[in-house]
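The whole structure should be built from the sequences, with the hints applied where relevant.
The numbering used here puts the first residue of the sequence shown at 1, with every later residue one more than the last.
All clues given are correct.
Below are the PhoX-like pairs computed for lysine-lysine, each with C-alpha atoms no more than 25 Å apart in a straight line:
#1 K71 with K25
#2 K41 with K30
#3 K51 with K71
#4 K51 with K34
#5 K25 with K51
#6 K204 with K30
#7 K51 with K65
#8 K25 with K65
Read the hints as simulated data drawn from the structure, not as lab findings.
Model, not experiment: these values are computed from the prediction.
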Amino acid sequence: MTTTVDPNYWSLLGVSPECDSNELKSAFRKEARKWHPDLNKNDVNAEERFKLINEAYAILSDPQKRSEWEKQNNKHKDIFDNRFPTYEEYIDLVLGIKTDLKSESDDQYSEHSEDEYENFEQTNFNEYVPTTSEPAPPPTLIYEDQESIVEISPDQALYGSSVEIQLQDGTLVEVLTPPFAGDGWRLRIEGAAIGCRDHFVQLKVQTEDGLRIDGLRVTYRLELFPHDALLGCAVDIPTLNGFVTLQVPPNSSTGRLLRLRGRGLEYEEYRGDQIVEIIIVLPDNLSDSELALYQRLNEISMENY
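Written as structure tokens, this is what we have:
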């Protein structure tokens with residue numbers, strides 16, 4: 001496995017190695033809000049910085065991961081402090097393997113005397129009886145990643161929260177969700193599942209009315225019958241602050257997006273919008289007369305073409 005030098009996670013979060021867990025958590029939330037892509041839409045580097053901040057907290061908040069990271073950094077630092085490393089040292093550092101410039105064939109040859117090779121050349125191959133091969137090793141077990149679904153409220157998604165999940169082996173762990181999280185986000189706990197696989201935490205951020213949270217934005221799927229979408233209609237739509245009346249324009253197709261400005265989540269001077277997606281559905285249990293009308297409409301459409 002290739003080993004790389006990680007960025008300075010302490011500098012990324014603006015804290016020192018002597019800080020306690022509360023200071024670390026506070027610094028993480030501050031930096032996450034500062035660099036969240038929703039609040040830095042004109043900064044192409046914001047998303048990458050946001051990912052690094054989450055990575056830094058995941059390492060520094062876990063004692064075992066932090067210890068491994070610090071050991072690796074010290075290893076890199078020590079070998080370059082006073083001199084340039086030899087080739088063998090550099091390969092050992094970067095690839096995590098030991099190098100030996102002596103060839104394997106030389107080692108194998110040195111294990112046999114010259115007399116043994118002479119006897120080997122005089123062997124009658126017609127008398128050679130093959131030995132029974134060793135039994136094949138047992139098949140390797142393949143483990144899969146695990147996933148948990150965690151429900152959080154819109155406020156928890158906005159400001160970040162601490163949730164507790166149970167791993168496959170029964171261990172309870174605390175997971176800190178980042179600020180401005182959204183419905184469907186997946187957080188990874190590296191190596192927490194059996195077989196050193198990853199455990200993913202999928203966030204569910206929805207209201208009873210079907211509103212889905214994504215950062216400061218709220219989304220809603222509006223189901224309409226074909227005639228309502230064709231002719232247009234007025235529909236009462238749920239929002240975080242109660243119902244409002246939405247005027248659906250005529251000739252609206254599935255996938256059309258309508259915007260309710262300022263109906264999303266609010267953070268300081270920022271306010272998100274609510275996006276309504278049109279989904280056309282067929283009525284259940286259509287009567288014979290209704291089916292006849294749809295058939296007639298189809299015939300008229302075919303005549304026009």
